[in-house]
Structure formats: C-alpha cells, structure tokens
Amino acid sequence: MLTALASRFAQMIFVLVGISMIVFLIFFATPGSDPAARIAGRNASQETLQVVRHDFGLDRPLPVQYALMMKRLFITGDLTSFVNRGQKVVPTVVNAIPVTLSLVLGAGVLWVVGGVVVGVLAAMTRGRWLDRVLMILGLIGVSMPVFWLGEVANLVSQSRFHDTFLFSWVPALGYKPFSEDPAGWFKTLVIPWFTLATLYVGLYGRVLRASLIEVLQEDFIRTARAKGLSERRILLRHGLRSSLVAFVTMFGLDFGALVGGGALLAEVVFGLQGVGKVTYDAMQNLDLPTIMATVIYASFFVVFANFIVDVLYAFLDPRVRDAF
Amino acid sequence: MPSDPSLLLDVRDLRVSFRSERGLVRAVDGVSFSVGRQEIVGLVGESGSGKTQTLLSLMGLIDDPNAIVEGEVRFLGEDLLRLPRKALQALRGGKIAMIFQDPMTSLTPVHRVGDQIVEQILAHKGGSRRAARDKALALLEAVRIANPTAVVARYPHELSGGMRQRVLIAMALSCDPALLLADEPTTALDVTVQAQILDLIGRLRGDFASSVILVTHDLGVVAEVADRVLVMYGGRVVEEGLMDEVFRDPLHPYTWGLFDSIPPLEGPRPRRLRSIPGNPPTLSSLPPGCAFGPRCRCRFDACSISPPVQRLGNRRFACYLSASQRATLRNAPNAGAAAVEGLS
Amino acid sequence: GGLWAASGPAAQAEEGKRGGSLRLLARAGGGTLDPHINYTAQYFQTNFILYDGLVGFKKANGKDGNAIVADLAEALPTVSDDGKTYTFTLRKGVRFSNGQPVTTGDVVASFQRIFKVSSPTAGTFYNGILGADHCLAEPAGCTLAEGVSADPASGTIVIKLAAADAEFLQKLSLPHAAILPADAPAKDVGTDAIPGTGPYKIESYDPNTRLRLVRNPYFKEWSKDAQPDGYVDEINYDFGLTEEAAITAIQNGQADWMFDPPPPDRLPELGTKYAKQVHLNLLAAMWYAPMNVNLAPFNDERVRKAVNYAVDRGALTKLFGGANLATPACQILPPDFPSYEAYCPYTQAPGAKWSKPDLEKAKALVKDSGTAGQKVTVIVEDNAVARSIGVYLQGVLAQLGYDASVKPISQNIQFTYIQNTANAVQISVSQWYQDYPAASNFLNVLFSCGSFHPGSDSSINMSGFCDKTIDAQITEALVTATKDPAKAATQWTAIDKAITDKAPVAVLFTPKQVTFLSARVKGFVFNNQTKWLISQSWVE
Amino acid sequence: MTPVQPLLRATALVKTYQTRRSPLRRPSPPVVAVDQVTFDVWPGETLGLVGESGCGKSTLGRCLLRLTDISAGTLEFEGRDITKASLHALRPTRRRMQMVFQDPYASLNPRRRVGDLLAEPLRVHKLGTERQIADRVAELLTQVDLRPDHAQRYPHEFSGGQRQRIGIARALALEPRLIVADEPVSALDVSVQAQVINLMTDLRERLGLTYVFIAHDLSVVRHISSRVAVMYLGAIVEIGATDDIFGSPHHPYTQALLSAVPVTDPDRSKRRQRILLEGEIPNPSHRPSGCRFHSRCPYADDQCRAVSPPLAAAERGRLVACHKPL
Amino acid sequence: MSREDRRVVSFAFSTRPPAGQPDDKGGRAPPLTSEPPPQGPWAVALRKLWRDRAAMVALAVFLVVCALCLMAPLYAQFIAGSDPFQTNLNGEIVVDGEVRAVLEASTEGLGLGMTPIGPTWRLGPYMLGADNQGRDVAARLLYGGRDSLLIAGSSTLITLVLATFVGVVAGYFGGVVDGVLSRFLDILWAFPIYLLAISLSIVLISKGLEIGPISITAGSLALPITIIGIVYVPYVARPIRGHVLSLMTSEFVLAAVGLGVPSARILLRDILPNVMTRVIVFIPLMMALNMLTESSLSFLSIGVQPPDASWGTIIQDGQGLLYSRPMVAFAPGLAIVLCVLTLNIFGDGVRDALDPKSKLRVG
Ligand SMILES: Nc1ncnc2c1ncn2[C@@H]1O[C@H](COP(=O)(O)OP(=O)(O)OP(=O)(O)O)[C@@H](O)[C@H]1O
Ligand SMILES: Nc1ncnc2c1ncn2[C@@H]1O[C@H](COP(=O)(O)OP(=O)(O)OP(=O)(O)O)[C@@H](O)[C@H]1O
Ligand SMILES: [Mg+2]
Ligand SMILES: [Mg+2]
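If you're matching them up, the sequences are chains C, V, S, H and E in order.
Each residue of the first sequence is one higher than the one before, starting from 1 at the first, in the working numbering.
Each residue of the second sequence is one higher than the one before, starting from 325 at the first, in the working numbering.
Each residue of the third sequence is one higher than the one before, starting from 669 at the first, in the working numbering.
Each residue of the fourth sequence is one higher than the one before, starting from 1209 at the first, in the working numbering.
Each residue of the fifth sequence is one higher than the one before, starting from 1535 at the first, in the working numbering.
Excised from the complex, chain C in its bound form (with noise of 0.2 Å):
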C-alpha cells in the first residue's frame, strides 16, 4: 500500500513538471505574451517598463524564470499574478475551489441519481419504447453543447420566463457562498446543477444500461436467478453491484475531470467563480502565474482522481482489492 502510494505520487510529480513545463513555454512562445507592457500599463515609457521586467524577472533566462516560479507557486506559496498584482495566485485557486466543487458535486449527485434511474429503468424495459425514448433523450442530452444549453437556459429563466411564478425564484447570476447564505447558495447554483448534470445523465444512463445488459448476461446472474431471488434483488443486488464499478470509475474520472477546470464552460456562461473561470480569465490575461497554477491544479486532481478511483475500484472489485 505504501509502496503503491509512493510510486503513484512519483507519477503524479512527473506529470505536475511536464504540465508545468508545457504551460511554461507555450507561454514564452506566445507573441505579445511580454507582461512587462501590460504590467507597466498603457503607453508607459520605456524606462518604465526596464524596470518592471527587472522587478519580474522577465529579464532572466527562462530555466531559472521557471524555477523561480516553481519555487515561488510550492515552496514560498507567494507567486502573484502579472495582471492584478499583488494578487497571490494561490489563495486564488484555493478561494475558488469552493465554487467549482458546490457545482460539481450538486450536479454529480443529479447526475449519478439520474444516470442510475436511466440506466435501470432502460436496462429493464431493454427493447421497449420506455428504453427508446430514454436512449433518445440521454444522447440529446450528450450532444448538447453545455455552453449552449446554459444560454438558453439562463435566457429563460433570466429573462423571457423570469416574471412567471416558474422562474421568479431565480437569482441573478454568480455565487453565493454556502456558508453566507445557503438559501442563495441553492437558488443560484439549481439551474447550472441541471444543466451541466442533462450532459451527463444521459452518459451515465447509457453507460449503465450497458454494463447492466452485459452484467445480467453473466452466469452469475443467471445463479441468482436459479437461487430464487426476485427480479429486484437480483438487478439491484447482483447486478446493480457489479456494474456500478464502472460506473464510479467514470464517475471519478469525470468528477475529477470537472473539478479540475472542465466545468469551465459552465462556469462561464453562469458567472461563477471557480477554477475553470479562473483559468479562462488567466489565459485570456495571459497571466502565466494563475495559469500555471490552476493547471497545476487541475492536472494534479485529475491525477488524483485517477488516483482515488483506483482505490475505489478495489475498494468495490474484491478482486481488485487484493493487488493492494
């Protein structure tokens, strides 16, 4: 276990640094990338801006920029942005975080519950029209562009349905922090949860259904059958357990993924502050330290992500759990 643990986090540092690296010199290939003009401000003189590169070290060579920069995002956590100075990139993250967590998980439980009602109810009535039209509607769901979905749904409830006793509860967009107004926290965050949760739905239901058809073709289902179980038993029991280790892992994967900065399309069409926010904001700046360190971020949860779902897959496949 500790040798596993070990060698994970090995990987981890090694896919960090590469990222790391990546982000580095995509940034110094970018033309117009030279935060020294955008730091001194407009039509600053030339002197000015002599200073500010020193003051940044812009004006040294770019392995020990890095390292610099490293040292400053890990060791004395006191990297600021080249945009709004002074702003210490780390907090920055850490202060999104919350944001981007209240709307993955919300809309994950919405999900996960949604997915295995979906994928239940269509691996029961498989071939039937309730399956059909179930299929139909998880892959509409799955070929709605997010961003898309989020507009028309904030034009509705916003705007063109806000008046009616359906939408008057809406809030204006943006976020409010759980532990000042948890009300608030709620009525903001209820339609990005739908919306980002109708892409996965239909994912995880299809998903599901799969591996539920697949796993009740297993002999072992077929002993169950034979043992005298009712039907319910046997697709919860039997066969809802055994699939749902495929199901958390992608649930892992995905969650990972978001929290990371892939919810970032949500983020932005309603106004809430995570990390994918975050991150466009920065890359929009071209403000390398927030860049860098919400991509740290975001790779390192997407392997740690990778990380948990391996135990969690031990943890739910016996069979799995004995490589520990």
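Misleading hints may appear alongside valid ones.
Cross-link-like lysine-lysine pairs, in silico, DSSO-like; alpha carbons within 30 Å at most [unchecked claim]:
1. 176/C / 685/S
2. 88/C / 855/S
3. 1165/S / 1035/S
Because the hints were derived from the structure by calculation, they are not lab data.
Given chain C, work out where chains V, S, H and E with the ligands should sit, using these hints.
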C-alpha cells in the same frame, strides 16, 4: 398417459425454440423424460445439442424474449411451465436447484460467498441471519470444504475452481432440493478435481435425498454416477435407458459413434479411432428427417423422414434400424461413412 | 433633444439621501489597487473617490468637470513666471482613512513613490519634474531633491519643473498623483489597499470576486467641488458576471450598475422599457483603425486615404448600437474637446461632417497605388463589437481589392500586441480615451515621433507615424500653450487637421457612454474624468 | 546400434514469468512456469505431455519452439543450440519446427482469408512463385481434408474442427520435422476430436512427423503418444513409454491422475479403486518446499516435505521424480 | 484455471453465419457443400450495420445535413439574403410588400441599438433572420456547417492517425518506446482538455504553427483542426495501445512468430487490420465529440476565426443577440445537436456491428 406419482419430474414433449432472423431455431425439439426420486439421470450430447436449454426451461430460466417454451413439465404434479412467476420463484432454489458449468463465473464476484449462500436461505426459509449463517457453515462442511468459517468470508476469486463448484453445490443444497439440475458441473475442472466433485454428487442421493439431472458431454462422467442416461442430438433425445444397458449395448448409431470416438484408457490401442464424420449440426439448418442422418454411417433413404421412437424394454431410441441391422452394422468397418468423412 | 433628457441638472437639485449600499458589477476586476499604478478606466473611477491629489478635477456634471480645483492644497498653486515653479499650500486637518493626518512629508513621499513604484505615467506625465530622469533611471534611490520640496512649518510644497508645462495641473489631478501616506510601501501594493483621503476606503478586495468600499470614518468634506461626501454607506463591486447577466441583474433590481458597456442586443430594450434608468454621455474618445505607415500597403498614403474614404462610418455606428450611441468621425480630436473644429475630408462631400463613403475615390486611390492583391490582416480585440468592426473592415479591404483577413486577439493582449513593431501589425482597431482634457493628449501622445518605440510593447503611436513637420508643430504648440493658451488652441486645431490629412489612422466614430442604473439609484452626475460619479448617487 | 541424435534436446529448461509490476500491485514472487525440465524428443516419436491446468504445459511447448524467451537451461534442435538464437537467426530453423494451438478461434487471424493464412509462411520464406504458392495452399487444404476452394473463406466461416485443420495445415506448410501441438483437440467435441486425432495420426505416418503432443486428456494422450511425460507444477515428474506409464505408474501423481479419469465402462468404473487427491494444485508462485507434490500426496513423509526428489531413472527409459516410486 | 473450451464452441455456433441449405443430392451431402459466397468480416459487419434501422436513419439524416452544407455554394445564393461572410449593414429586403432594413434601428424611447431582422420563416432571403452584421443566418448556417463538418472530420482523421500510430508503436515495441510514449500520453491525459486546447489556441491563433515543413498561418482553419486533433490523442491512443498489447499475446500473433514472419509484417498484416476495427468504431464517435469541442472552442472564440464561420462561431455571434434574436444562436445549436446526435446513434450502430466488445464512451 397420466403421470406416475412416484416420479419426481415428468417432462412431456418439451420444446424450446428461438425466433431468429433465419426462422425458428428449435434448440429443444420434443424432449420427453422423467426422473424418479433419488435418481441420477445423465444427459449427454455434443455441444449445441440442447442440453442446457432443456435444463433451463425446466426452471423457467430462459429469459430471451424470443424464446418459446412449450410442452409439459410436471414436478410433483404441478406443471412448471404454467406456474405463476411468484410460485416459480419460490420453487427455484427451493425444491429445485441448479448448478452451472463454469464455477469461475457463476458466483457474483462482488459478494462474499457466505453471504451468497445466506441470501438464498433467507429468501426461501426466512429466519435469522445467524441461523442462516450456521446453516451455510454446515453445508460447506457437508461439501467437504476444509475450513468453512474462513471460506464464508472469502470472495469468489479467492477460491479455486473446485472450491467454487463446492460452494455452488452447497448453495444449491441449502434449501434441501428434491431435484438438483447440474449443467456440466465438472467440465471446467481438472480430472483430479472432477473426481472429487463427482464423488460429492454421487453422495447427494444418500445425504440429501435429492434427485439429480446431470448434464455432460463426457460419457465417462455419466458412467461414474448416473443411473439412467439420455443421449441428445440436434435438440432431440436419440436414446434413453438405464446407464448399464446403454453403455453395454448402445442402440443408436450416434451413441455408437460417441463411444467409438473415445480412445480407450486400457487394453490395445487402435491405430485409428472410428470417428463420426462431419460436424455437429447447426440448429438453424437441420436436415429434414433424422438430424443425425447426414453424419450417420448407416443412413438410408428413410432417414429423411423423422424416425419414430422405438422401445426396447425400458429403453427408447429414435432410429429406423432394426435389431438385426444394428447387430451387423455395429462393428462393421466404416462402411457407408468413407464418402462422408473426407468432405466435412 | 431627448438625448440628454435623462441626465438633466434637475436630478442634482434634489436632496440626496444618505445610507444604503450600492452593488456594482463588472466582468472582471481591474487589477492592482495601487492608485499610483493602476491605469484602468475601471479603477480610475473608484480611485477618484478614494484618493485626492493636491489639485483635482471639479466633481461636476459634464464639461464643468474639466475645470481644475484645489483639493488637498488650500488653493490652486502660484506659478512662477517662467511656468517652472509651482507652490502649493497643504490643507490642514485632512486625515487619511487610517487616522493619520496628511502632512507635507506625505506629499513629498508620494511624488517620490510615483517613481519608486514605476508608475506607468512616471516617464510620460511626471518626467518634467526636476530630477525625474534620475528617478526613472534608478527608482529605488529616488529623492526628487530638487524637484519637490516642502516646508512642514508653513505647509508649503514647491514643485520645480525642467520646462514649463501647460498641462501640469491636469496631470496632477489624475489618481497617479494621489497623495498617499509616507509609509505606504514603495512597491506595488497589489491587492492591499493604501489609505486614502476620499469619502470611502477599501475594506476588502479579491480581484476575482469583489471590491468592497465603505465610508472613510475620518473624512470631513473640505470642498464640495474637489471631493464631495458620498451618499451611500457602502459600495460592493462584484466581478465575474457576463454583461448579459449583469444587465439582467440590474433590470431585475439585483444590482445597480455595470462597468462594461451593455451588449448590443439589450440596447433596444434599455432604450424603451428602461429609458428612465439610462444615461447617455458623449465621451472624449475615439474608435479608430491605426494603419502601420511603415508596412505595405499602408506605407502608401494613398492606401490609407483610400481606407478612410471607403469606410462607411454610418454603418459602423450601427455595429456599435446605432446612431444615438456613436457619431461618425473623421478627425482625431473628439467633439466638444478643446481645440475641436469639425473637419471631415474623407466623405462624398468633404467638409465639416461625414455624410457617405466614397468608394469610387477609394478604389481609384488603391488602383493608383498599385497595391491591390496584397495580403492584409486586421487585428482586433476579441469582443463582439470589435470583432464585428474587424469583419466589416476586412470586407471593405476586400472590396478595395486586398486579400484581407481578420484576427481577433484576446482583449487584454491586443492593445500591447498591436503596438509592438515586432508583430508586424498592418492595421488594427483600437480606442483612445482621454487622460485629461487637452488636445495634446490625443495629438501628441498618439502621433509624435517620441511615442514611437520600435520593438517595444509600449509604443502607443501604433501607426509608427513620425512626420518631422508635424512633430515640430506639436513641440511648438506645447510651448505656446504655457504662454498663450488661445494661440495654442488654434495651433492644435491645425495639427488635428494636418494629421487627419496624412491619414495614419482611420478614425471611425466617437462613442457615447451608456450608463444603466437600477431603478432605485438617484442623483446621476457624469463627469468627463470620472464618468458616473458614484459618490454623488444615492439609493431609495 | 547407431546412436541416433535427438531431434530436440531440452536441458534444465527454466521459464519464469515476472508478474507485471503495476503501480498498485505489491510485487509478487515470479511464477516459475517451467522448472528445470530436461528431456529429449527423438525423431519419429510422439511425446505426450500431460498435466493439470496451469502446470506449465503450454509454456514448455512455447519454450521448445522459442516462442518465448527461455530463462535458463539450454535447448538444442537438430544438434544446434538455439537457446539464445536471435529471432532472425531462428528463421531457417522455424521451417522445421511448428506449433498447433489449443484455441481454434484465437489462433487464426479473423481478418485474413484462409488461403492468405496458409500462404503467409510460404511467402515469408520465399518458397515459390505466387502460382506455386497457390497450388501448395490447395494441396495443404486437401491434405487436412478440406476443399481447395475453402481458401477463399474467412476463419469465422468454419467450425472448430475445421479451424483446427486449418491450423494444422498452416503448421504443415513449411514441411516441418517437429510439430508441437498444444491441446489441439481439447476445444473440440468428442466426435470431431476423434477426426482430428485421426488426421494427426495419418499425417505423422505420411509425412514422418515428430510430435510433442500436449493434452490434459489422458485417454487421448495414451492413444497418440509413444512416450509420455507427466508434468506437475512446472516440472516433469515422470516420463516413459506410454504403455509403461499407463500400465504401472510409478509416481503417486501419475497414479492419482490415472485413477481419476472417468471411464466409459460402467463395470470398470465401479470396480476401480479411486484415489481422491485432497486439495488442489498449489499456486505456481508459491510452490511447496521439498517435493512439489507432497501437499497432495497420500504417501508424503518428512523427507518429501524437505527434499526435492530428482528426476531419476527408475527402469530402462523411465524416469521418475519421487523418493519412493510405487 | 478454467477450461472454457466448451463455451467457446457453443458460442461459435450461435454466431455462425447461416450455412446454406444442404445439397439435395440424395439428401446425403454433408453441410457446407453449398455455402453462401465467402463472407469477409467486413461484409458481415456491413450487413449487420445495414440491418440496424436506427443507425441507418441516423446516417441518412447526417448525410443529408452534410450534403446540404457541402453543396451550399451551388444553391445558397438563391435563397440567401446576403453573402454569408460579407457584412450587410445597410441592406434592405422586401417582406410582405414592405421594404425593411435588415438592421432596424430602434425608434422608440432613447432609440438605442439595432435589431437585425427576425426569421421570415419562408424559403428565401432571411429565412432564419439576420445576425448583427446583417448577414443571412440561414446562409451562414449552411456555410458554417461546412467548416464545422470539415473540422470534425479532419480533426478526427488527425486524432485517429496519430493515436493509431502512437498506440500501435507503443504497444508493439513496448519497452523504452512504450515508456516514453505512455508518459507523454499521461501528461496530455492529465492536462484538462479545455485548458490544453485553450493554451494551444492562444499561442497558435496569434502566431500560427511552424514545425519544420509544416506551416499553418494564424487564423487558418487548419489550426482548430490540429488543436482538436491533438488533444484527444490520448483518449484514443490508450485503448488502442491496450488492444495491441492484447493482440500481441494472442495465439495468432504467436503463430505468425512461430512461422518466422518478420515483425514488420506481423504489425502490418496481423495487428493493424485488427486494430482498424476499433479505430473505425471511433470515427463517428470522435466526429461527434470533435464537433462539440469545436463549438466550445469557437464559443470561447479560440476556434474558427472570422471571416470563416462554424456553427460554434455563429452561436458565439448569436450570443450577443440572444435576447432579441435568439434564433441566431438557436439554429446552429440545433444543427450541432442534430449532427452530434445522429453521429452518436450511427456510431453506436457501427460499434455494435464491428466491435461490440469495445466499451467506448461518447461525450
Ligand atoms: N438465445 C438464443 N437464441 C437463439 N438460439 C439459441 C439461444 N440460446 C441457445 N440457442 C441455441 O440452442 C442450441 C442449444 O443450446 P444449448 O446451450 O442447450 O446446448 P448445449 O447442449 O448445452 O451445448 P454446450 O455443450 O455447448 O453447453 C444451440 O445450438 C444454440 O445455438
Ligand atoms: N504471460 C504470463 N505471465 C505470467 N504468468 C503466466 C503467463 N503465462 C502463463 N503463466 C503462468 O504460468 C503457469 C503455467 O501456464 P501454462 O499456460 O503453461 O499452463 P498449462 O499447463 O498450459 O495450462 P492449461 O492446461 O490451462 O493450458 C500458470 O500458472 C500461468 O498462470
Ligand atoms: Mg450447455
Ligand atoms: Mg495451456
């Protein structure tokens, strides 16, 4: 014919067919047989001859929506094919239990084996978990598992094939079934382990007062334990009789072929085996008449019409051959077959 | 007519109500809080009510706001005859929001700090102060010993310039010359607020979520003109919402104002259903298309003129939201600006006003130049309006016979990107907003040889326009201004025309500012420098 | 008596599998799939190789043809040491030794026509023009009782028995001297199994082939082999002439194996004294100490538990690895 | 260890194609004497696909959309109100005998803003209305579809070619090659997809791409194609590598080794054809995914650059008109949904026909 009350199971004209793109596939085509109390009936036949479908249909376990199951299956007087779902469910795993071919895949991998046994006991007998657990331990002991307390807490993958098959048997026995359906229970096991399992099945009759239908493709396995044998080919029973009689004097050319195909383990070694030419039939394109006709070395024109079931004492077989023809053809060299074999 | 209706002086006559809070919105935060460094319109607006200079623009409506009044100084300074020495007397009893009194030491330190923190305008606005060159070269050791001196006893401050500067007081009125406590860190404070003297102080700041202003407990109104007290108790400035979302929020009464211009599709709605809450104000600004006079095909004056002739400025105003939001313009100086005199050579009937594009003439000029068929890329900012203008220009260039394409670049990068000659930008779309109301702020800043720095990201003369004659005229006008402002004004008018004639840029239109306030906000004051004067509105 | 050279000579062959090191797995000890196996294969004979599942039969078969790398020991084919020969150097040798696989479904590339599959070895070894190759393919198909026009078909259009014939034909294409057949009939139905066994017997006689015939079915092995080697947990525990082994097994394992085979003769089956082994084959990565069979051996004593018996000559042509052969 | 032999046989029987009716010669002919003509695995899969009604309908719809878009230059000018790429700020059209400006200035209240003409809902100019530059939305939709489809198709090609190459090379050569490639894939994999795409886009869109002889100018359509093509490589390469690894241990590869077939030939003749089925299964699913990705990138304005348009850029344009002319954003969104939906349904069909065991996920 009224069903005999001493019979545990009486199957009449059982048919299992599947609707498919290429028409009706008759996997089981008019099979009739019966099982007495504490009797072990062996069901042999090649791959695809309908053995498994026969067993599954008895318990209503064919869940393919395209399947049609017809006929009559009387179990203790009740027609299983017409039993309501609930009643059938209560019967499954209760009065009738089944074990399957592949012990590696027949246990749910994500639950402990003990729980899987307990689950069945609770489903049929109710009672406390604790009692069910004790019962499970007793059963595991009965199927000669060395350390039952440790084994109940294990997951299937932690057990060897033989152990799993034992667990499955224990599970099948958990509700004292009157009839045990065993679908090739030893095929996936090594000979040494197979011997252990067969030994176990042979004891069931005494220890649990169960009858067994043992499906296999291995005549040797039947010879080890069965009282009576049914030989299936192409979805039909081609020969039936007491095991001793059938093995001593097989009546159907297919049964001959089966015996001849197995190299002997003792005595002189023949240079060549007398094999059955051709390939096992594809059910969707069975030849008209006798299904075995195209591969039969004794085939003649009448074979294009389904042969009637002949009776000889307790034995039945489906073939036109008369006793004298059989006597001459049984040990004759591959007379009519030469032309057929090369063409397979 | 109806244009100015909503912002009439009647509003001011009402008695304001103290208390309550405002919720302001912006798509993003505006960067550092350091008033000496931040150079965004967004934070200029708040810095005007957070900080004071020795002098300041009058916090009044419209053009009145161009006037300079004494702020932390008791009165406007006395200026020596040669125009090089300014003497101020510091007001007494003013305190910073941390309770410290404002002293002459703070003033001196603040001027040093401009250089120590490398204020973006240190080298352009304040380089005239004696000793500034030293400070620019070596900011850390900046003393400005000769340039800025103070007498704590009398409270006088003397600022000496190397040369007379007619615009010096205006420069001093900008937040970059704000007076800060002497102990303010000599570096960019970033997200940490520096105490100021205005009616509000910064309570908290996170560039990603919120800037929060509350009342400065030490503030006592000393001059209604220079720094009037505010009405509301607190101001929450929230970041992150899209413009669409912000508009909706204001309409639904969930917010009070947004910094960013409203998206075009919402304008009709604002103009009708919410007309009472909308205020339109002419801006001292221009949208223009700089053309690189050092790169083909725009190194040929005929081509630049052709573009000017061909552009349908009327159509362009449609992209900006219609004729009531933008006025076609051909010349550099915006209307209502000092030295402005309507002038438009690039139209079907050349004269004072633009009427119609002259495509024939444009095509003839291009044909003349023989440059048709060349590749031209228009670099625009990546937002809806700029992109559509870019696409429009691309269409015009294509009509003129060029192989044209558009390249939208992230808003934040485009401005520096198009300045650097290394990026070989041929033509771009940009905007220029005044820093202070002086003709030189357009003509000198944008078109003098001095503001062209090849290879630098900071080279505001994007056209690379450097005309010796015109440069001489500019220098002369700057000098004249110190002695004879009236004469200088006419000189600037001539320069405006001369540059327009050389066509280093195609001026497109003069935009108007749309201010959309929630229904509960009353008391709208629009100052040319500060835009909406937040402190002068109250909520009901 | 002219000394005949063995066709194939394996000396102390060892094959270990290092279980894949995955980040999540704790490294488990390597699996010794083949452990110090020594034997000769003589020209013209059929050596049967029997043993329970997982005892290393297939692995040994693959080692013999150098289809996997050999961990230790030496392997000589026709007197040449090919233990370490490179794949390239092996190519000429490949023509004289071939393999028939167990799974008639997995051993034929489903995406290639049968004719193509059979022509492949000929093309690779440049044996003739395309015409000649086509003729040879037809000949091969006929040889295994298929029709030449079957060359146009894809493997999935054949039944298991027919596929196994194709596999045999492919092995024959290069006219090898040695064929290692890895359970060529265990996937087949009894009736078809007999056909394939007959085919292989016929071919052996017609083409003078030498077989190493791997199987777990003792009656099949008895039928086809002239000599039999019994494997247990990676090692040969007994080897000798077929009739000797079946007539009087010397190793307790061989004895148990033989007694466990169900026979079709009901009388004999009832008469027989069955030896029921306890337990199951141990995991090859955790082999018992001493004699590898002691954990299941009814006769095991302390010596068996401590000392591993060598494979020693018991009588002429008979080797047994047991401290007290029966 | 289990002996699955019996199962294998019965499985094969149930999946065997129909053998022909037995020859009538005396009714004694064994089966397989008059079989149907040889059926390659491809033919079998195609037939299976052909019988999948849902997949065929989806394919048909998708092809119709493709055809409509690709042939736009042939007919669009007859029904379009404007050139799809040229601003038409001063245009006018006649609707119901009434001359109307394409961009109508607001005349009420303060008279702010311009509203493009809305859908006329009849076959002809401005069927779906105009966008903020007065361009015919329907015409843009058709032309934009060309780019969307082109990007989806080409980037899929790039992904699959690269991924197949990487996956096959890594799986086949193993060792150091596999190590290096896999680590590289790990990095790409852990790089959140949009962040990677955005990073690449920002650089490339302002600078273009120049690697040796390949040179793509900034703003070219080839850029989004390349970017989208690259970011999904790990998603495809990993399963392909796994597939190759499993093929490598398959008996037929072992058989080829045993026959002395050189590795290059094994790779080409035995591994690649088998990998191809999975690659093909990826095609429609990747196209669907890429189309969505393209729209997202364009929405973030780092995809297709004006004057080129794709459905994503049209949505982005329409975003600015969402409240007054929602159709501008609606129509391309629906077009995307339609294409992605049909591609997914068709992709399911292809998978079922070719490689039912591959567990690929859409989206
Ligand atoms: N769901 C189904 N649809 C169509 N045909 C089926 C179906 N299930 C089974 N069959 C066919 O029914 C026939 C009988 O199958 P069954 O499983 O009973 O054979 P078996 O004798 O048990 O063979 P094995 O020894 O391989 O287990 C087979 O040919 C098979 O192809
Ligand atoms: N590639 C491999 N990696 C690791 N272990 C392996 C590998 N191949 C085989 N083994 C192990 O080596 C041992 C011998 O395997 P092998 O396949 O040779 O047995 P076998 O006698 O042929 O069995 P069967 O009768 O099932 O075919 C087994 O324990 C198996 O698990
Ligand atoms: Mg079966
Ligand atoms: Mg094997």
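For the pair supplied as a hint, residue 88/C and residue 855/S, confirm whether the alpha-carbon distance does not exceed 30 Å. holds (15 Å)
Does the structure keep residue 1165/S and residue 1035/S at a Cα separation of 30 Å or less? Judged against 30 Å, a Cα distance of about 25 Å means the pair holds.
Take a quick look at whether residue 176/C and residue 685/S sit within 30 Å of each other, Cα to Cα. Holds, at roughly 29 Å.
Hint compliance for this structure: every hint is met.
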